[in-house]
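For the record, the sequence lines run as chains A and B.
Note that the numbering used here has the first sequence beginning at 942, numbered continuously upward.
Note that the numbering used here has the second sequence beginning at 942, numbered continuously upward.
A portion of the hints provided could be inaccurate.
Same chains, same label: a pair holds when it works inside one copy or across any pair of copies.
[Said to hold, decoys possible] Below, simulated DSS-like cross-link-like pairs (lysine-lysine); rule was C-alpha separation at most 30 Å, straight line:
1. Lys1214 x Lys1253
2. Lys1277 x Lys1060
3. Lys1294 x Lys1214
4. Lys1277 x Lys960
5. Lys1168 x Lys1253
6. Lys1063 x Lys1277
7. Lys1214 x Lys1306
Rather than coming from a laboratory, the hints here were simulated on the basis of the structure.
Keep in mind the model is a prediction, meaning the values are calculated, not measured.
There are 2 protein chains.
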Amino acid sequence: MSSSTLDLASLQVRFDAFKAQNLNLNMTRGKPSPEQLDLANGMLDVVSSSDFTAADGTDARNYGGLNGLTAAEALFAEYMEVSPSELIMGGNSSLAIMHDTLVRAVLFGTVDSPKPWHKEDKISFLCPVPGYDRHFAVCELLGIHMMPVPMNADGPHMDTVEALVRDDPSIRGMWCVPKYSNPGGQTYSDEVINRLAAMPTAAADFRIMWDNAYAVHHLVSDPPHLKNMLRACESAGNPERVYMFGSTSKISLAGAGVAMLAASERNISALRKQRAVQTIGVDKLNQLRHVRFFNDMNGIHTHMTGHAALLKPKFEAVDAVLTRELAEHNVATWSKPQGGYFVSLDTRPGLAKRVVALAEEAGVKLTPAGATQPYGNDPEDTNIRLAPSFPSLAEVEQAMEAVAVAVLLASST
Amino acid sequence: MSSSTLDLASLQVRFDAFKAQNLNLNMTRGKPSPEQLDLANGMLDVVSSSDFTAADGTDARNYGGLNGLTAAEALFAEYMEVSPSELIMGGNSSLAIMHDTLVRAVLFGTVDSPKPWHKEDKISFLCPVPGYDRHFAVCELLGIHMMPVPMNADGPHMDTVEALVRDDPSIRGMWCVPKYSNPGGQTYSDEVINRLAAMPTAAADFRIMWDNAYAVHHLVSDPPHLKNMLRACESAGNPERVYMFGSTSKISLAGAGVAMLAASERNISALRKQRAVQTIGVDKLNQLRHVRFFNDMNGIHTHMTGHAALLKPKFEAVDAVLTRELAEHNVATWSKPQGGYFVSLDTRPGLAKRVVALAEEAGVKLTPAGATQPYGNDPEDTNIRLAPSFPSLAEVEQAMEAVAVAVLLASST
Chain A
942 MSSSTLDLAS LQVRFDAFKA QNLNLNMTRG KPSPEQLDLA NGMLDVVSSS
992 DFTAADGTDA RNYGGLNGLT AAEALFAEYM EVSPSELIMG GNSSLAIMHD
1042 TLVRAVLFGT VDSPKPWHKE DKISFLCPVP GYDRHFAVCE LLGIHMMPVP
1092 MNADGPHMDT VEALVRDDPS IRGMWCVPKY SNPGGQTYSD EVINRLAAMP
1142 TAAADFRIMW DNAYAVHHLV SDPPHLKNML RACESAGNPE RVYMFGSTSK
1192 ISLAGAGVAM LAASERNISA LRKQRAVQTI GVDKLNQLRH VRFFNDMNGI
1242 HTHMTGHAAL LKPKFEAVDA VLTRELAEHN VATWSKPQGG YFVSLDTRPG
1292 LAKRVVALAE EAGVKLTPAG ATQPYGNDPE DTNIRLAPSF PSLAEVEQAM
1342 EAVAVAVLLA SST
Chain B
942 MSSSTLDLAS LQVRFDAFKA QNLNLNMTRG KPSPEQLDLA NGMLDVVSSS
992 DFTAADGTDA RNYGGLNGLT AAEALFAEYM EVSPSELIMG GNSSLAIMHD
1042 TLVRAVLFGT VDSPKPWHKE DKISFLCPVP GYDRHFAVCE LLGIHMMPVP
1092 MNADGPHMDT VEALVRDDPS IRGMWCVPKY SNPGGQTYSD EVINRLAAMP
1142 TAAADFRIMW DNAYAVHHLV SDPPHLKNML RACESAGNPE RVYMFGSTSK
1192 ISLAGAGVAM LAASERNISA LRKQRAVQTI GVDKLNQLRH VRFFNDMNGI
1242 HTHMTGHAAL LKPKFEAVDA VLTRELAEHN VATWSKPQGG YFVSLDTRPG
1292 LAKRVVALAE EAGVKLTPAG ATQPYGNDPE DTNIRLAPSF PSLAEVEQAM
1342 EAVAVAVLLA SST
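One chain only, chain A, in its complex shape (with noise of 0.2 Å):
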């Protein structure tokens, strides 16, 4: 680094100005504001002791309908850009459907598995990194082998994919968050969907856990298109390939939301029966929240307008307050994100650890480091990912002032 630039005792002030006002903020995760739930504050309402019935005369309150109400399957099916024979509704966790559609592959095999997953030696994941914590979670529960592969501003490194997929045959599956990735915010490209499309795998029943989390979750006017990745694979001879995953847990209500499975019909057909086992079926009632409040998607679209205009600034102020800070010194890069919840911000080789104890020092707490890499494990320890949404705007300027201190300080010693 330029540090001739640098003061170090002039940093030493400000990092112990920031420890002497005891803050307590934290970044640690993409939760919605207040201010963003209250935007769906209404879908409380359109529910109540006298109007429970959906549109097609189905009590909301009982039993009965594995996917739900029509209309939500409906309304659901146009998110995920699919038909409702290819969708599966699940309760308020995305997360859950994608962890279930995992176990029921190493437990029963997919539909075209020659054997159930536990029965064979080695299961491998591609994860592109950096990524979401909670995938990887998931793969090590499940002892499922994750190979890190790197990411490109339009998607992963598709030459390293290829060939690894095509090579290696205990590599069943790949983690993607295909719009505004978590936390490096990239949009696949077209011709990157394409070629996860088209690919040789030598597994017969390799998967994609497409998680498009952040469909509609928008920083800018003019978003990124993200072609269909069930009509790339269909179009590429491998309809089986991808499942789809989607949540309203930040479009609706974090807590309360519901979430999505989209698939060919031949996989949902073969996960419906097995999820008919696990459960009767979905809260409907919830359903019909989401149904009468969004009504359709321009609903959605509209009410998304609400949520980047509560965005906008917190990641206008993480650009800000880290170029103001940082720039001149060349310490660290970090992402400009179009849309999504995160920024990731990379530091000098080796001092992400250092960087995120400093900051917590200075009372902001980050996602520990290694966070966005399969077991924790950050070979060259330089991403962090921030997280803005949560915090006042006046917080997250202040968090990241502290941040940068905390990026200068490691930097500097």
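Since the structure of chain A is provided, determine the placement of chain B on it from the hints.
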């Protein structure tokens, strides 16, 4: 049978009259009636756009809290007669918690399994019969071999159970619906519970799946008491032996209840770690609806007297019609439950399937014969489960008359 008293021609006339009516009555599932659900409609109004904060200040809309709200934990710990540290709160389906708990045993083993169950040559479960088809479906899906054991009036035939589990190390568990058993209506006696808790088992990780689905679902004013199974297991030195399940699906709203699992702290601690990989947490808004609507156990008990008032006439009608039509002919026996959702009807051997088919011809859909047995196979072909909760009282009377005619006809030909 005393067929002298039966006039086949007039039976056929009655049967044809039912057919001519083109009835469409359904007694297949234990589904609350709309009037029962109406009792909990107030739950849909106690959380609104202006009132979503829990008593402890938690914003029930956002992420956070694997078990959800402290107040919900407290209420449902009391409901399950355990402490909050012995409790996992689930979503809207106790079946899902049961399924997932067995999935975890298969994938990872329990806290005292020598190895994951999928690595064993054979895993067996005892299934008191008649029993609940959805329990059996979970075992069948997971490849768990089911062994039927007979039921007495006070629970499973314990001499049989004790002999089997003592000698066969493949027997790792047992299904129990200990109160108002599905479908027989039996409540387990203290003696049965003490023997279940204390019996030596060849398997170190023997687990009782204690599905206490009808804990507060009484039809009588002086309900039988059910001994606390977790405490019985602790007293017997086998604290890890039982997983207890509960649900408000038949207390609040059938599709939008909350479910729970109670067990020893050691079991719960291991299961919570695995569950934290599956989900970020439960729907706290729905927990808040429950906490505000019921307030405490008194609220639940009072609420359930309303259910009893609606259900009792239907159960009395089942007994009255069967007594009137069948008693003198000695062609069937049936249960007279003090609570729960079912009447268990036994025809003469070899006739249950025929009765169900005839009833369907007469316009009354019954649970398929055999459903109350593992693999759907009733070796005697005698047992039929009747579920009188959903139809109106007039429909129950009409349906039961048709069923009775079907029994008489099957017994006469």
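Now for the hints, and whether the structure bears them out:
no.: 1; hint: Lys1214 x Lys1253; verdict: neither (43 Å within a copy, 35 Å between copies)
no.: 2; hint: Lys1277 x Lys1060; verdict: neither (44 Å within a copy, 48 Å between copies)
no.: 3; hint: Lys1294 x Lys1214; verdict: between (45 Å within a copy, 25 Å between copies)
no.: 4; hint: Lys1277 x Lys960; verdict: within (28 Å within a copy, 71 Å between copies)
no.: 5; hint: Lys1168 x Lys1253; verdict: within (24 Å within a copy, 58 Å between copies)
no.: 6; hint: Lys1063 x Lys1277; verdict: neither (38 Å within a copy, 55 Å between copies)
no.: 7; hint: Lys1214 x Lys1306; verdict: between (43 Å within a copy, 23 Å between copies)
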